[in-house]
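Chemist: Sequence:
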Amino acid sequence: MDWISPRKLRKLGILNMNRRNVDYIARYNERASYPLVDNKLKTKLAVSEYGVKTPELLQVVRQQHEISHFREMAEGLAGFAIKPAKGSGGKGITVITGRDGDDYVKASGARISVAMLERHLTNILAGLYSLAGTPDVAIVEDLVQSTPSLARYSFQGVPDIRIIIFQGYPVMAMLRLATKDSDGKANLHQGAVGVGLDIGTGRSLNAVQFNRPITLHPDTGLALENIQIDSWEDMLEMASRCYEATGLGYMGVDLVVDSSKGPLLLELNARPGLAIQMANGEGLLPRLRNIEALKRPHFSPRERVQYAMGAFGKF
1 MDWISPRKLR
11 KLGILNMNRR
21 NVDYIARYNE
31 RASYPLVDNK
41 LKTKLAVSEY
51 GVKTPELLQV
61 VRQQHEISHF
71 REMAEGLAGF
81 AIKPAKGSGG
91 KGITVITGRD
101 GDDYVKASGA
111 RISVAMLERH
121 LTNILAGLYS
131 LAGTPDVAIV
141 EDLVQSTPSL
151 ARYSFQGVPD
161 IRIIIFQGYP
171 VMAMLRLATK
181 DSDGKANLHQ
191 GAVGVGLDIG
201 TGRSLNAVQF
211 NRPITLHPDT
221 GLALENIQID
231 SWEDMLEMAS
241 RCYEATGLGY
251 MGVDLVVDSS
261 KGPLLLELNA
271 RPGLAIQMAN
281 GEGLLPRLRN
291 IEALKRPHFS
301 PRERVQYAMG
311 AFGKF
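Mapping to this note's numbering: the sequence shown position 310 is 310, numbers consecutive.
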């Protein structure tokens with residue numbers, strides 16, 4: 001295992017967990033805003049008022065007796081996603097991509113019966129996947145059909161884009177690609193690939209898996225050095241608008257690009273992880289301090305995005 005000294009990490013401007021928690025999360029995130037971003041249903045309702053699109057909501061299951069309506073609703077659907085409203089880290093999310101007779105087909109290719117899906121809904125309501133183990137609500141959303149230009153890089157699962165927003169400014173971004181190791185989920189801790197993205201252009205920079213540099217996707221075999229995200233400035237502006245919607249000063253915004261509906265918000269995270277720095281090959285601290293040092297903050301999302309693209313772009 002390769003080791004790097006704390007001194008070198010400081011020199012590279014790497015933000016560590018303690019500093020993130022104390023200097024940024026605790027300082028810039030009001031506790032009153034946490035329930036908003038920790039609940040996917042509340043997030044959907046809040047951001048819609050600021051022109052931020054999310055996947056279509058098909059059903060909300062709040063009580064056990066409502067599960068019986070799920071079978072009727074899902075009967076005519078080829079694909080959908082079931083999510084716990086208060087889940088985190090992708091836990092409890094089941095993505096259905098097709099049908100095989102009476103069974104449904106998961107993103108991983110596994111078959112699952114409607115009875116098993118109903119049991120999964122029961123587990124969600126019981127709080128099996130919620131942040132504190134408290135009773136939860138299940139939401140059923142329309143299936144996101146990823147744009148082919150990005151879907152080709154990911155193994156089965158839908159690729160997403162994590163953007164760190166600080167005081168309304170996009171400061172760092174990465175593309176997350178599903179792998180066999182991650183079971184089709186875009187979760188870095190489970191083995192997904194993280195691809196750093198240039199804030200100025202949306203072009204790929206570096207890529208990592210399990211915190212190790214890579215150049216090719218382990219399953220698709222495609223090179224990760226020439227990826228370009230379309231409508232990049234629009235995506236940054238969408239992420240920036242989440243600052244007004246939530247009031248959170250430091251957060252992660254997770255977006256997907258649907259082939260017909262364009263960029264959509266998946267979820268917000270008030271405690272975004274730090275692996276994005278490894279994917280970018282650069283630390284967050286210099287960029288965060290740049291924003292903190294601004295004497296005249298930019299008030300509109302577009303102005304903030306244009307500043308960030310100029311200040312942090314590499315190309």
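Just so you know, these hints were derived from the structure itself, not from any lab.
Remember, it's a predicted structure, so these values are computed and weren't measured experimentally.
Backbone N, C-alpha and C define an ideal beta-carbon position, used for all residues, glycine too.
Hints should not be assumed to be uniformly reliable.
To be verified - Within a straight-line C-alpha distance of at most 16 angstroms, the following computed EDC-like cross-link-like pairs (lysine to aspartate or glutamate) qualify:
| hint | residue 1 | residue 2 |
| --- | --- | --- |
| 1 | K106 | E30 |
| 2 | K53 | E282 |
| 3 | K11 | E282 |
| 4 | K180 | D219 |
As the list claims (entries may be wrong) - Label pairs and their in silico Cβ distance ranges:
| hint | residue 1 | residue 2 | range |
| --- | --- | --- | --- |
| 5 | R62 | A115 | 15 to 25 angstroms |
| 6 | R212 | H69 | 45 to 55 angstroms |
| 7 | V60 | E292 | 34 to 44 angstroms |
| 8 | A126 | Q228 | 37 to 47 angstroms |
| 9 | R71 | D234 | 32 to 42 angstroms |
| 10 | E233 | A78 | 31 to 41 angstroms |
| 11 | Q145 | N226 | 16 to 26 angstroms |
| 12 | R71 | L45 | 22 to 32 angstroms |
| 13 | Q145 | D234 | 16 to 26 angstroms |
| 14 | K91 | R152 | 41 to 51 angstroms |
| 15 | L294 | A126 | 43 to 53 angstroms |
| 16 | P218 | P35 | 30 to 40 angstroms |
Chemist: Look at each hint and say if it fits the structure.
Modeler: Here's how the hints hold up against the structure:
Annotation: proposed proximity of K106 to E30 is violated, straight-line Cα distance about 38 angstroms (limit 16 angstroms). A distance of roughly 30 angstroms separates the Cα atoms of K53 and E282; the hinted pair therefore is violated under the 16 angstroms criterion. Of the pairs offered as hints, the one joining K11 and E282 holds, with about 10 angstroms between alpha carbons and a cut-off of 16 angstroms not exceeded. With a C-alpha separation of about 7 angstroms, the suggested pair K180 and D219 falls inside the 16 angstroms cut-off, and the hint holds.
Checked against the given bound of 15 to 25 angstroms, the beta carbons of R62 and A115, roughly 21 angstroms apart, stay inside it. The beta-carbon spacing between R212 and H69, approximately 46 angstroms, falls within the hinted interval of 45 to 55 angstroms. A beta carbon spacing of about 39 angstroms between V60 and E292 agrees with the range 34 to 44 angstroms that was offered as a hint. A hinted range of 37 to 47 angstroms for the beta carbons of A126 and Q228 is consistent with their spacing of about 44 angstroms.
The hinted range of 32 to 42 angstroms is satisfied by R71 and D234, whose Cβ atoms lie roughly 38 angstroms apart. Distance hint check: the CB atoms of E233 and A78 are about 33 angstroms apart, consistent with the given range 31 to 41 angstroms. Judged by the Cβ atoms, the range 16 to 26 angstroms given for Q145 and N226 holds: they are separated by roughly 23 angstroms. For the pair R71 and L45, the supplied restraint of 22 to 32 angstroms holds, since their beta-carbon distance comes to about 26 angstroms.
At about 19 angstroms, the CB distance of Q145 to D234 agrees with the hint of 16 to 26 angstroms. At about 27 angstroms, the CB distance of K91 to R152 disagrees with the hint of 41 to 51 angstroms. Judged by the Cβ atoms, the range 43 to 53 angstroms given for L294 and A126 holds: they are separated by roughly 46 angstroms. At roughly 38 angstroms, the beta-carbon separation of P218 and P35 lies within the given 30 to 40 angstroms, and the hint holds.
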